[in-house]
Amino acid sequence: LFDDGAKLGRLAQFYARHLLAEEQRTGLEFDMIFGPAYKGIPLAAAVAIELARLGRNFPFAYNRKEAKDHGEGGTLVGAPVKGRVLIIDDVMSAGTAARESIAIIKAAGAVPHAVALALDRQEKATENGVDVSHSAVQYVTNQLGLQVCAIARLTDLLQYLSVQGATSSDTPDALSLKTHYQAVLAYRERYGVD
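Count along the sequence shown from 1, then add 121; that gives the number in this note's numbering.
Don't take each hint at face value.
Pairs of lysine-lysine, DSS-like flavour, derived with a Cα cap of 25 Å [to be verified]: (1) Lys160 <-> Lys227; (2) Lys299 <-> Lys128; (3) Lys299 <-> Lys160; (4) Lys245 <-> Lys203; (5) Lys227 <-> Lys203; (6) Lys227 <-> Lys186; (7) Lys186 <-> Lys203.
Label pairs and their calculated CB-CB ranges [to be verified]: (8) Gln303 <-> Asn178: 37 to 47 Å; (9) Glu144 <-> Thr247: 30 to 40 Å; (10) Gln264 <-> Arg174: 15 to 25 Å; (11) Tyr312 <-> Gln264: 14 to 24 Å; (12) Ala173 <-> Gln303: 39 to 49 Å; (13) Phe135 <-> Thr300: 19 to 29 Å; (14) Thr247 <-> Ala304: 45 to 55 Å; (15) Lys203 <-> Ala304: 23 to 33 Å; (16) Pro293 <-> Lys186: 32 to 42 Å; (17) Glu248 <-> Gly204: 28 to 38 Å; (18) Gln285 <-> Ala200: 20 to 30 Å; (19) Pro293 <-> Asp152: 41 to 51 Å; (20) Gly148 <-> Ala173: 39 to 49 Å; (21) Asp277 <-> Leu175: 28 to 38 Å.
These are computed hints drawn from the structure, not numbers from a lab. Heads up, the beta-carbon is just placed ideally off N, CA and C, and yes, glycines get one too.
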């Protein structure tokens with residue numbers, strides 16, 4: 122999804138624009154950004170940079186998986202975790218990173234307020250190793266009370282692949298889109314929520 126500066130910068134633009142649109146649409150408010158280790162770390166930094174470029178400067182922090190006993194020490198790095206916190210990650214599958222982040226944020230005395238994702242997989246959550254009928258996003262929203270805003274959903278990706286694959290010729294790119302559509306559709310049928 123993001124493995125070079127240009128891709129990460131472009132993704133950060135999408136996050137920032139989506140967050141500002143959510144602010145207008147739903148009243149989303151937050152005081153800082155938190156990036157869970159590991160993928161959330163560069164996302165939090167890049168989105169904070171992009172929001173600052175757009176005139177909205179937010180502090181950010183992230184966690185380490187292993188505590189340090191020297192330098193800054195501890196498991197938290199960056200700005201003090203306080204106020205209403207936006208958790209930023211790439212996707213949410215089982216919701217493990219979100220639950221861990223919520224616990225870290227609460228332990229710091231702050232309020233986990235919302236989660237921003239690049240993609241809502243619309244995937245069935247598991248509880249005690251068993252698939253349940255709701256998604257991890259639905260669980261975080263309905264049970265934990267956090268607003269979840271995703272740039273795109275799996276259904277959006279399927280629609281894009283379907284339209285692009287159907288309107289393209291039989292070029293290698295078009296055939297690739299059709300192949301991806303079938304793979305994503307099979308994934309949705311196996312793991313997706315209704």
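Hints, verified against the model:
At roughly 21 Å between alpha-carbon atoms, lysine 160 and lysine 227 fall within 25 Å of each other, so this suggested pair holds. The straight-line distance between the Cα atoms of lysine 299 and lysine 128 is roughly 24 Å, inside the 25 Å bound, and the hint therefore holds. Between lysine 299 and lysine 160, the direct Cα distance comes to roughly 29 Å. Violation of the 25 Å bound is thereby established for this hinted pair. Proposed proximity of lysine 245 and lysine 203 is contradicted: the alpha carbons are some 32 Å apart, above 25 Å.
A threshold of 25 Å between alpha carbons decides the hint, and for lysine 227 with lysine 203 the separation of about 9 Å falls inside it, so the pair holds. Between lysine 227 and lysine 186 the CA atoms are separated by roughly 17 Å; this keeps the pair inside 25 Å, and the hint holds. Annotation: proposed proximity of lysine 186 to lysine 203 holds, straight-line Cα distance about 20 Å (limit 25 Å). For the pair glutamine 303 and asparagine 178, the beta carbons lie near 44 Å from each other, so the given range of 37 to 47 Å is met.
About 32 Å separates the C-beta atoms of glutamate 144 and threonine 247, a value consistent with the hinted range of 30 to 40 Å. In this structure the hint that glutamine 264 and arginine 174 lie 15 to 25 Å apart at CB is violated, the actual value being about 35 Å. Hint check: tyrosine 312 to glutamine 264, Cβ distance near 20 Å, so the stated range 14 to 24 Å holds. For the pair alanine 173 and glutamine 303, the supplied restraint of 39 to 49 Å holds, since their beta-carbon distance comes to about 41 Å.
The supplied range of 19 to 29 Å is met by phenylalanine 135 and threonine 300, whose beta-carbon atoms lie about 25 Å from each other. Range check, threonine 247 to alanine 304: Cβ separation about 22 Å, and the 45 to 55 Å hint is violated. As the Cβ distance of lysine 203 to alanine 304 is approximately 43 Å, the hint placing it in 23 to 33 Å is violated. Distance hint for proline 293 and lysine 186: a CB-CB separation of about 40 Å, consistent with the stated range 32 to 42 Å.
Range check, glutamate 248 to glycine 204: about 31 Å between beta-carbon atoms, so the 28 to 38 Å window is met. In this structure the supplied range 20 to 30 Å is violated for glutamine 285 paired with alanine 200, their Cβ-Cβ distance being about 41 Å. The beta-carbon spacing between proline 293 and aspartate 152, approximately 47 Å, falls within the hinted interval of 41 to 51 Å. Between glycine 148 and alanine 173 the C-beta distance comes to about 22 Å, which lies outside the given range of 39 to 49 Å.
Restraint check, aspartate 277 to leucine 175: a C-beta distance of roughly 23 Å breaks the suggested window 28 to 38 Å.
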